[in-house]
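K.L.:
So the chains spell out like this:
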Amino acid sequence: MTDIALDAHRAPRDTGGVPALGGVKLTLALSGAVIVLMMLFGLTMKLAQGGLVAVEPIYFYQVMTAHGIGMVGAAGLTGAAIMWFFLARYVALTGWVYNAMLGLSLAGVVCILASIFVWGFAGAWTFLYPLPAQSGGVWEPGAAAIYLLGLMLVGVGFLLFYLETGRALIQRYGSLGRAMGWPLLLTGEQDDVPPPTVVASAVVTLFNGLGIVVGAAVIGISLINLYAPEFAIDALLAKNMIYFFGHVFINASIYMAVIAVYEIIPQYTGRPWKTSRVFVGAWAATLLFVLAVYPHHLLQDTVMPGWAMVVGQVVSYASGIPLIAVTTFSLIAYLHRSGMRWDLASALLVTGVFGWSAGSIPAILDSMIVVNKVMHNTLWVPGHFHFYLLIGEVAMVWGFMAWLTRESTGERLAGASATSYAIYFTGGLGFVLLFLIAGASSVPRRWAVHEPAWIGIDHISVVFAALAIAGFAMFLVRFVRRAGTAP
Amino acid sequence: MTPTRSQPIFLAVCVAGLVSLASPLGRQFLEASLVTHMLVQMPLLVFIGMGFGRISSAAAAPYVATWNRGGSTGLLLTLGVAMFWMLPRAMDAALVDMRFEAAKFVSLPVAGVALAWSYGQASPIVKGVLNAHVVSALGVMGWAYMAAPVRLCNAYLASDQEMAGAGLLAAGAVTAAYFAMRIVFFGATRSRYIRTSSASDDASIVAY
Chain A
1 MTDIALDAHR APRDTGGVPA LGGVKLTLAL SGAVIVLMML FGLTMKLAQG GLVAVEPIYF
61 YQVMTAHGIG MVGAAGLTGA AIMWFFLARY VALTGWVYNA MLGLSLAGVV CILASIFVWG
121 FAGAWTFLYP LPAQSGGVWE PGAAAIYLLG LMLVGVGFLL FYLETGRALI QRYGSLGRAM
181 GWPLLLTGEQ DDVPPPTVVA SAVVTLFNGL GIVVGAAVIG ISLINLYAPE FAIDALLAKN
241 MIYFFGHVFI NASIYMAVIA VYEIIPQYTG RPWKTSRVFV GAWAATLLFV LAVYPHHLLQ
301 DTVMPGWAMV VGQVVSYASG IPLIAVTTFS LIAYLHRSGM RWDLASALLV TGVFGWSAGS
361 IPAILDSMIV VNKVMHNTLW VPGHFHFYLL IGEVAMVWGF MAWLTRESTG ERLAGASATS
421 YAIYFTGGLG FVLLFLIAGA SSVPRRWAVH EPAWIGIDHI SVVFAALAIA GFAMFLVRFV
481 RRAGTAP
Chain B
1001 MTPTRSQPIF LAVCVAGLVS LASPLGRQFL EASLVTHMLV QMPLLVFIGM GFGRISSAAA
1061 APYVATWNRG GSTGLLLTLG VAMFWMLPRA MDAALVDMRF EAAKFVSLPV AGVALAWSYG
1121 QASPIVKGVL NAHVVSALGV MGWAYMAAPV RLCNAYLASD QEMAGAGLLA AGAVTAAYFA
1181 MRIVFFGATR SRYIRTSSAS DDASIVAY
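Those sequence lines, one after another, are chains A and B. In terms of my numbering, the first sequence is residues 1 to 487. In terms of my numbering, the second sequence is residues 1001 to 1208.
One chain only, chain B, in its complex shape:
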């Protein structure tokens, strides 16, 4: 992202968002229900991290380029963090153990930063696989939360779990529709990449 006058405002919004989410009031409000914990707080932490990542990507590019070729390292980090926080056991732990809670507030924004630094570097095929995986994973997770015969999280009600499952299914449907609409109506015209040549080689993607 090239430096602009709006960058400090964007940074302030991200910091304010992170502080709000981490405040006792914000935590109590969003962690009271599985739906808001899983579908609001955790995605917002990743989005805030992505905001930090966008602001810092140009400055960080020279340092991370050598060990993040094709965005592979960053994407693996993001996937690893996401896999961990998908576990009901991890969410339970965050509610009763401050070390897990702190880890959540650090790891999810870091995953967002890694995603922002890496997604644009990935080849279109890798991005497509990730996008498709997100849609099908949301569908499978949504079904699993709705179909589970027992409570998966000790801290939340069974009814909460069903609502979270429905929310995940809805998120999967919205995400699928978004990707479909984007490639049908916008496609490459929305690309943020700069290409050094007109060749089809993905290696030509060098920067945002």
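Next comes chain A alone, as it looks inside the complex:
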């Protein structure tokens, strides 16, 4: 193949040679709009819980389902766009595959939205058995089937995406093991060391590929069960498969988005992000941890084997180490005395790493079995994942979008960009902290109607949510206005 491995720190905003660049930009614009729309759905839920607007519970759960799957899908798509954009600098990717992934995903989104808002599916994005098949008459099995078919379409799209990235990585490096830098890790071999983007992409390709295959199997099983209920699923097996797939998928979105940090931050600091033995080791550990950590979602399932619970707890502790000790510590080291110039892109990217790291701490706390017993069904858990998505993954994505549409290298974090950043960060951080406070106060999650004692927090949350949405809307307008003219 043509060796297109280039210096990781080429000229800023170099988009040359990125196949399906139009598809990447379309992904970002559509996903950005979806994120803002889903935030409005989230605001609607908070308004309803706070008693500020009247929303029938049946519609509340439809909105909750759309909010969950919409955000997961948008996170996955934006992460994939970032990974594709930067991976194309090092390996030869085929453009039609990305566009096929985008097309299949959009077709899946249409199915999912129709199943929810036309046919009334409201079984939450996790479609846990037996809810899709046993709605108590709220929706027909056909609605659940269309939802699952939509998920299947998205899954097939992502499968194509990872097959293509895997093919390109293997073609360039010989095997995924080499692309993950394992020769460096195991023997110290310094020949053809892959850059951080390649290491991260190879790891994500492997673990999310496995996750999608498991997801396809459980979706297939659920579809059969919808129309042949006598083919019963072992509920515990179904939950294990769904959480394995779901946890891996949403983690993958963050691990793909962090590639933007590896590629863009060095342009500001002038210090290349190096592939060290520790870096490769951290990503190798991440590969194992991401696959093994999901049982921390099942700590309240008392019929789970004890060893699986222990694995979930221990791996949850350990999974913070590669993240916090390597990426975050490295970022701080690269930033220290670098004289870095702050603009909207760099501020959002650094914020993203902060949100990712800080957001994982409530998760680690919740993975302690004794804490989990009382916290897992409270708003603590939405607090944790909103933290690392709203302040983490999504911040990295908006940072990438801001970098992609920078007008000049002399931009500063001032004026409208500073205002939008301040509004978003204040709103977002306040919103997630209130989630955590509500969780610590034992406010349950997934309740359409809140007790009077809880709605004070809801009212304050509404204000912060509105601020975060306003900030994001400003980012989106800025991106759309500039995307057409940016190279």
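Don't take each hint at face value.
[What the hints assert, rightly or not] Here are the simulated distance ranges between beta carbons:
#1 B:1149 to A:118: 51 to 59 Å
#2 B:1010 to A:369: 34 to 42 Å
#3 B:1028 to A:321: 56 to 64 Å
#4 B:1162 to A:444: 33 to 41 Å
#5 A:58 to B:1072: 41 to 49 Å
#6 B:1093 to A:232: 22 to 30 Å
#7 A:189 to B:1178: 50 to 58 Å
#8 B:1178 to A:370: 34 to 42 Å
#9 A:58 to B:1097: 52 to 60 Å
#10 B:1098 to A:232: 32 to 40 Å
Quick caveat, the hints were computed from the structure, so don't treat them as lab data. The beta-carbon is built from N, C-alpha and C at its ideal position, and this holds for glycine as well.
Starting from the structure of chain A, add chain B where the hints point.
P.N.:
Quick look at chain B alone, frame taken from chain A:
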């Protein structure tokens, strides 16, 4: 496959395997249980066909290349045959109707031949989709055989059915592990393809 001195031995092994499986003793032994019927006899017939396919691929390539571009025809044939023999009704019929039994002993090796001629021609994306589909299909089939409230095959016991389901799940897990290990540790270094150029275009895959 280039002609080698080992080819006649390989051919003899395939023929002997086919004859053994088709013999009354072989059939009675393997078809007595759903597990051996589905998880031993039928895959072996496909593997034997793949053996014939490997031996004959070089000779057949000029004749099949025009209607098997990218391996699409052969792969569709393989999938069609596999879908038919996945039906419990088809397996039942093979046990009581010699025409179905004969069709099984012809169609499954033919599917193997088609697979051997076609898999290498397919693009990496198509191969990946097939591999992923095999893993998830084994998982779904395994679950279906274990979860079915009634016997799916009239000829076999319910306990046989559960064992076959467990076997399919195990096969899915082993297959997934094999594919994962292969791409992590071997990747393209195990490729049997010859490329005419160094470009990434899959059209450059021309032969084994």
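K.L.:
For every hint, state whether the structure bears it out.
P.N.:
Hint-by-hint comparison with the structure:
1. Against the hinted window of 51 to 59 Å, the Cβ-Cβ separation of residue 1149 of chain B and residue 118 of chain A comes to about 33 Å, which falls outside the hint.
2. The hinted range of 34 to 42 Å is not satisfied by residue 1010 of chain B and residue 369 of chain A, whose Cβ atoms lie roughly 57 Å apart.
3. Checking the proposed 56 to 64 Å range against residue 1028 of chain B and residue 321 of chain A shows it holds: the Cβ atoms sit about 59 Å from each other.
4. For residue 1162 of chain B and residue 444 of chain A, the hinted distance range of 33 to 41 Å is satisfied, since their beta carbons lie about 40 Å from each other.
5. Evaluation of the 41 to 49 Å hint for residue 58 of chain A and residue 1072 of chain B yields a pass: the beta carbon distance comes to about 47 Å.
6. At roughly 28 Å, the beta carbons of residue 1093 of chain B and residue 232 of chain A sit within the given window of 22 to 30 Å.
7. Between residue 189 of chain A and residue 1178 of chain B the Cβ separation comes to about 26 Å, which falls outside the hinted range of 50 to 58 Å.
8. Between residue 1178 of chain B and residue 370 of chain A the C-beta distance comes to about 40 Å, which sits within the given range of 34 to 42 Å.
9. At about 53 Å, the beta-carbon gap between residue 58 of chain A and residue 1097 of chain B stays in the expected band of 52 to 60 Å.
10. Between residue 1098 of chain B and residue 232 of chain A the CB atoms are about 37 Å apart, so this pair conforms to the stated range of 32 to 40 Å.
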